[in-house]
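Novice: Protein chains in written order, with the working numbering: chain A, 1 to 384; chain B, 1 to 541.
It cannot be assumed that every hint is accurate.
Said to hold, decoys possible - Which bits of chain A does chain B cover? Going by a derived footprint, with three or more residues having C-beta under 8 Å, they are:
(1) 150 to 163
(2) 260 to 272
(3) 333 to 339
Since the hints were made in silico from the structure, they are not lab data. As the structure is a prediction and not an experimental result, all values here were calculated from the model. Built from N, CA and C at the ideal position, the CB exists for glycine as well.
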Amino acid sequence: MLTSFILRALDRRTSIVLLVILGIGILLPVLNLATDPSSPFHVPTYVLTLLGKYLTYALLALSVDLVWGFCGILSLGHGAFFALGGYGMGMYLMRQIGDRGTYGNPILPDFMVFLNWKELPWFWTGFDHFWFAAIIVLLVPGLLAFVFGWFAFRSRVTGVYLSIITQAMTYALLLAFFRNDMGFGGNNGLTDFKDILGFDIQADATRGALFFASALALAAGFWICRAVIASKFGKVLVAVRDAESRTRFIGYRVEGYKLVVWTLSAMMAGVAGALYVPQVGIINPGEFAPANSIEAVIWVAVGGRGTLIGPIVGALLVNFGKTWFTSGMMAEYWLFVLGSLFVLVTLFLPKGVVGTLMAKKDRKPAEKPIEDVVAPGAAVQAAE
Amino acid sequence: MVDMISRFKTLLATLALVVLAAIPAAHADDLKPLVDGLGKSGYAALRQAVGALAATGDPAVAPILQSLSTGDLYVRKSDRAVFAATKAEDGFKLTDPATGTDAGTATSGEIDKIKVNNAVREAVTTALGSLTLMSPDIAKRRLAAADMFRNGDPAQISLLDQAIAKESDAGIAATLQLARAAAVLKSDQPDADKIAAIHVLQTKGGRDVLGQLTAIEASSADGAVKTAAADALTSIRGTLKLWDGAQNILYGVSLGSVLLLAAIGLAITFGVMGVINMAHGEMVMLGAYTTFVVQELIRNNAPWLFDWSLAIALPLAFLVAGLVGVLIERMVIRYLYGRPLETLLATWGVSLILQQAIRTWFGPNNREVGNPSWMSGAFELGNLTITYNRMWIVVFSLVVFAALMLVLKRTSFGLQTRAVTQNRPMASSMGIRTPWVDALTFGLGSGIAGIAGVALSQIDNVSPNLGQGYIIDSFMVVVFGGVGNLWGTLVGAFTLGIANKFLEPYAGAVLGKILVLVFIILFIQKRPRGLFALKGRAVEA
Numbered sequence: 001m002l003t004s005f006i007l008r009a010l011d012r013r014t015s016i017v018l019l020v021i022l023g024i025g026i027l028l029p030v031l032n033l034a035t036d037p038s039s040p041f042h043v044p045t046y047v048l049t050l051l052g053k054y055l056t057y058a059l060l061a062l063s064v065d066l067v068w069g070f071c072g073i074l075s076l077g078h079g080a081f082f083a084l085g086g087y088g089m090g091m092y093l094m095r096q097i098g099d100r101g102t103y104g105n106p107i108l109p110d111f112m113v114f115l116n117w118k119e120l121p122w123f124w125t126g127f128d129h130f131w132f133a134a135i136i137v138l139l140v141p142g143l144l145a146f147v148f149g150w151f152a153f154r155s156r157v158t159g160v161y162l163s164i165i166t167q168a169m170t171y172a173l174l175l176a177f178f179r180n181d182m183g184f185g186g187n188n189g190l191t192d193f194k195d196i197l198g199f200d201i202q203a204d205a206t207r208g209a210l211f212f213a214s215a216l217a218l219a220a221g222f223w224i225c226r227a228v229i230a231s232k233f234g235k236v237l238v239a240v241r242d243a244e245s246r247t248r249f250i251g252y253r254v255e256g257y258k259l260v261v262w263t264l265s266a267m268m269a270g271v272a273g274a275l276y277v278p279q280v281g282i283i284n285p286g287e288f289a290p291a292n293s294i295e296a297v298i299w300v301a302v303g304g305r306g307t308l309i310g311p312i313v314g315a316l317l318v319n320f321g322k323t324w325f326t327s328g329m330m331a332e333y334w335l336f337v338l339g340s341l342f343v344l345v346t347l348f349l350p351k352g353v354v355g356t357l358m359a360k361k362d363r364k365p366a367e368k369p370i371e372d373v374v375a376p377g378a379a380v381q382a383a384e
Numbered sequence: 001m002v003d004m005i006s007r008f009k010t011l012l013a014t015l016a017l018v019v020l021a022a023i024p025a026a027h028a029d030d031l032k033p034l035v036d037g038l039g040k041s042g043y044a045a046l047r048q049a050v051g052a053l054a055a056t057g058d059p060a061v062a063p064i065l066q067s068l069s070t071g072d073l074y075v076r077k078s079d080r081a082v083f084a085a086t087k088a089e090d091g092f093k094l095t096d097p098a099t100g101t102d103a104g105t106a107t108s109g110e111i112d113k114i115k116v117n118n119a120v121r122e123a124v125t126t127a128l129g130s131l132t133l134m135s136p137d138i139a140k141r142r143l144a145a146a147d148m149f150r151n152g153d154p155a156q157i158s159l160l161d162q163a164i165a166k167e168s169d170a171g172i173a174a175t176l177q178l179a180r181a182a183a184v185l186k187s188d189q190p191d192a193d194k195i196a197a198i199h200v201l202q203t204k205g206g207r208d209v210l211g212q213l214t215a216i217e218a219s220s221a222d223g224a225v226k227t228a229a230a231d232a233l234t235s236i237r238g239t240l241k242l243w244d245g246a247q248n249i250l251y252g253v254s255l256g257s258v259l260l261l262a263a264i265g266l267a268i269t270f271g272v273m274g275v276i277n278m279a280h281g282e283m284v285m286l287g288a289y290t291t292f293v294v295q296e297l298i299r300n301n302a303p304w305l306f307d308w309s310l311a312i313a314l315p316l317a318f319l320v321a322g323l324v325g326v327l328i329e330r331m332v333i334r335y336l337y338g339r340p341l342e343t344l345l346a347t348w349g350v351s352l353i354l355q356q357a358i359r360t361w362f363g364p365n366n367r368e369v370g371n372p373s374w375m376s377g378a379f380e381l382g383n384l385t386i387t388y389n390r391m392w393i394v395v396f397s398l399v400v401f402a403a404l405m406l407v408l409k410r411t412s413f414g415l416q417t418r419a420v421t422q423n424r425p426m427a428s429s430m431g432i433r434t435p436w437v438d439a440l441t442f443g444l445g446s447g448i449a450g451i452a453g454v455a456l457s458q459i460d461n462v463s464p465n466l467g468q469g470y471i472i473d474s475f476m477v478v479v480f481g482g483v484g485n486l487w488g489t490l491v492g493a494f495t496l497g498i499a500n501k502f503l504e505p506y507a508g509a510v511l512g513k514i515l516v517l518v519f520i521i522l523f524i525q526k527r528p529r530g531l532f533a534l535k536g537r538a539v540e541a
């Protein structure tokens, strides 16, 4: 049954997208490793790392789109799940440093030696093992999302209220992780990683493998989202998005559907964070900043919410733009561009780039009608 | 006529001069033999002479004693008269130390320097302390009394007794009593006196007394004194705890007023209009920068106006922020009514643009905004210290709240706003121009945020990030208090402010804030529509 669930999602368009993602995932590392630096086809390592970072952003955008574009839950706190996944991986990488830290302590990471701690806190046990960290990366964001969602959806907190308390959630975590005595490195976070699974994290081959892993995770995420959307479950999600009360009156347990997709989305964001950390080499509380979460939302909006290719395209486009702008003379104008993107996309391109293109190409109405994500009954509709 | 008046004034002035000149002269005559007493040989005699001078309580004695300790006093060998001498071209130039009048010159052979040792210097210091206690200047006496209380020197008990007998100001007399008690406790007087002293200190209470009593309790041997000190300590600690509670409430009210100021504009745009304005914090920032610009202009062109700078900045900040608000409403938000999530994103974009614009124009660093004189300083209330700027901000936030209430409840504009809020199609068909009401209401909310910026510029750093720090807190206040209800915003702001400050001592500032956030998240689960939820038809509007 599960195989049919997964395989039915594999229509022509999905297969093409999957093949493209995986193809890039293999091609770029090969071009990096197998070609001579002087060759015109050579991909420098820093480009590979940068693109790998974008791929994890794309996965984060995909997870935001799954709840926003298909279930109408605008999360302004997905950066929290992303960062939690990142911290899970970061803790594993910290343990791999062993006694190669500045203080050479075989048991404690540098920042704990610096804080004069005598032993490893209990929540750091187990992070010597990759499998443990991998489970935590899925479990902790999933658990937080489950508890948060269980409370929120059960008491029918919807619309902007939900958005604002997700923002408060990530803000609270930001404050908490800034504290030194939390045991996560405080302000500086976790950094100075050396090895991952025994391989040097700086080596080109490792970078290539991480890039491929990011592409693989993105492809898997895309496939899972496609499977969810194509299933009967997904049809109910869209119904919740378009008319929550009506869906409830028909007899569906709306809270349950929301909770499942919310938790799934948080776990995807966690994986994205876990792949992000080894490639950028640092995780610090800044990742919890509400601004980061909102930026992820704009990737989705630019690409087109309610389409699954949209968020991937949006994340890549916006981040290419960001890199291009902030590396040149125009650095200080980047925020003008980003701010204008928010305004212009919401005003003139509500379906996003991909959504608009698809609507043009398909002639017939788009596969998934994209309508306003207003949940009826929200108090803030006063203005109507 | 004019001439006569001016002549009369001259006459008066002359008279005053004569009288003034006569008074010190009379004193100087009394002092003269005492001053000459300093010329006797031997340190013991010198110390006695210092004491005799101090006992007069004459303020003219202080400079004489000071010049004694700096070694500027000399005695003339011929008649043992004492003079202050300064080196001149040939020998020394003499002045009468009591009157400061010229007393001729002398060669270095004719005079001897009055030598002092440490004991004498100590006597001089004590004498100077007692002289300031007798000083006619109340402020000086108050300082001296407080100083005596801190030092608690047993040697000064008799001096304190004299000062207490003479003191006319009740406040200073009380401090002197305390100083005496502190001195008694350190002396070797009988236990009964010490216990009486402990009682005197206990009635005063406070942290400084706590410190002194703790020392006494630790140092004294077991017995009545130790028990009395321990009892006094317990009672003082109990009182202090009450004061701490009062202090927390005070800080909480202060924080609450800041939250209220930041949130009240949001309560209009979000609460009344249903528009999520993520650029609200930037309106606050615009208000703060308006204050900065106004102060810069005043500093450069009209420094005497500085105390009025805030009064000038207020209407300007309202206009600037209000105008920007109307522009945002006309250009962006009006296309997005009924799509709150899109509004949220678009206004976030606006906030990024505004922040970067300010950063480009004014630079990324903090800008200096000064406090006018009536907002600096502090005053004491019991054991509490209240700074004037905090106090004015509490007052100001309440005034703004009342003014806003008046506008919404008593003006025709407010009536229209409420009508549009409750039933837009009906209001429209009654002839209200709803688009204009929308724009103006948004302008009003933004303008009030600008006013808040003027107040916050007094207590916070004025930087492009100023607004961001308030936006989440403001949303929490509005959501907690109940959307669409200004009273809810008032109660919400002060509740959160006080809760925050009460949590801080136990959990630390950051954890306290986290706890409050978690509490609100849980609270919204329980009451999704806030503390003061709207009931009836308004909910469905």
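Novice: All hints are to be evaluated individually against the structure, with a verdict given for each.
Specialist: Verification of the hints:
1. 150 to 163: Holds: 10 residues of the stretch 150 to 163 of chain A have a Cβ under 8 Å from chain B.
2. 260 to 272: violated (count 0)
3. 333 to 339: It holds: at least three residues are needed, and the stretch 333 to 339 of chain A offers 5 whose Cβ sits within less than 8 Å of chain B.
Hint compliance for this structure: hint 2 alone is broken.
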